[in-house]
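So for the sequence shown, the UniProt record's numbering puts the first residue at 1; every next one is plus one.
It cannot be assumed that every hint is accurate.
Said to hold, decoys possible - DEER-style ranges, computed between Cβ atoms:
| # | residue 1 | residue 2 | range |
| --- | --- | --- | --- |
| 1 | 199 | 252 | 30 to 38 angstroms |
| 2 | 54 | 148 | 20 to 28 angstroms |
| 3 | 2 | 147 | 25 to 33 angstroms |
| 4 | 272 | 132 | 33 to 41 angstroms |
| 5 | 133 | 101 | 23 to 31 angstroms |
| 6 | 142 | 178 | 18 to 26 angstroms |
| 7 | 141 | 73 | 19 to 27 angstroms |
| 8 | 278 | 153 | 33 to 41 angstroms |
| 9 | 256 | 28 | 20 to 28 angstroms |
Everything labelled a hint here was simulated from the structure, so no lab data went into it. Beta carbons: idealized from backbone N, C-alpha and C, even for Gly.
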Amino acid sequence: MGYGLALSGGGVRGAAHVGVLRALLEERLMPEMAAGASAGAIVTGLLAAGVSVEEMEGAVRHLSGKGKSYLDPDYRAMAELAPRLLADGEISLAGLFKGDRLAAYFTELTKGRHLDQAVLPFVIPAVDLNSGDTVAFTNAEMPAPLAHVKWEWEGFLGQVMMASSSVPGVFVPRKIGACRLVDGGVTDNLPVDLLQAAGARRVLAVDVGTAYKRPKDDSVLEVLSCSFSLMGRRLKDCGICCGALVLNPPAEAAKGLLDMEAMEGIMEAGYAYARSRMGEIRAFVESRIPPGSGTSAPGFGRMLPAPGGITPP
């Protein structure tokens, strides 16, 4: 029985997704479809583009060593900030980094593929600042309607991956069509609901979000990181419906949202964690018990029952 793979946001902790994916593919447990927000959108986009797990691992190692070179500070906007702030109190800085270098790198990795050239059904959410809606980029043919979600089939994988990863205040919003897009994790950090709306009945979800911790200092990145951690904690349970097994790989090595040097170690920790849970994962993925029926053996992480005790068809 097939399954869908949902991957959460979490900054550099998203490298754990690659380790988990490697463990799954070693067991020939290839997902039939995938959805991911923010960091999870990057791995989802690569998977949808047909990028091998070996290539993904190579990208993680590359970013661990040279990732900071892909951060392009918006010096012009920063230079204009102080005079405007002093003159009229207006703060016009859209983000610390433009994100163009990372977008170009994602486009290179995905070979410039359009959404309709993806080799796997997928969903990648981003948030449109103009409307406040979630824009769910997909190649699924007939996804179910969801409140405040606009399904979109136009765009390029690399650009969509960057849009979903554009943490507000850290990266400048990405413009795709008439939309000004920021991090998909703002409204749906673990997009199980979007994956199910696109057709998945059984979902393996990987949550690399972290428990809330007080900011170590008042720096912009530290405050944003902790704020997103708190927001993600409150939102993710709202988006998880029936039929999901949630895995929580450890990612303590990350010191911050953009601690790229830690990515390789986080990836390996994700792999080791998935291997240690493989018996449970395989039992869940291959089980003929209807997802969410509540009859599965205990120990399945957070195996969530169907709302109201209703078993999905």
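Going through the hints against the structure:
For the pair residue 199 and residue 252, the supplied restraint of 30 to 38 angstroms holds, since their beta-carbon distance comes to about 35 angstroms. Under the hint 20 to 28 angstroms, the C-beta atoms of residue 54 and residue 148, about 38 angstroms apart, miss the expected range. The hint said 25 to 33 angstroms for the Cβ distance between residue 2 and residue 147, and at roughly 27 angstroms that hint holds. One distance hint, 33 to 41 angstroms for the beta-carbon pair residue 272 and residue 132, holds here, with the actual separation near 40 angstroms.
Our hint of 23 to 31 angstroms for residue 133 and residue 101 holds, since their Cβ atoms are close to 28 angstroms apart. With their beta carbons about 24 angstroms apart, residue 142 and residue 178 fall inside the hinted range of 18 to 26 angstroms. Range check, residue 141 to residue 73: about 41 angstroms between beta-carbon atoms, so the 19 to 27 angstroms window is missed. Distance hint for residue 278 and residue 153: a CB-CB separation of about 35 angstroms, consistent with the stated range 33 to 41 angstroms.
Against the hinted window of 20 to 28 angstroms, the Cβ-Cβ separation of residue 256 and residue 28 comes to about 36 angstroms, which falls outside the hint.
The structure is inconsistent with the numbered hints 2, 7 and 9, although it conforms to all the rest.
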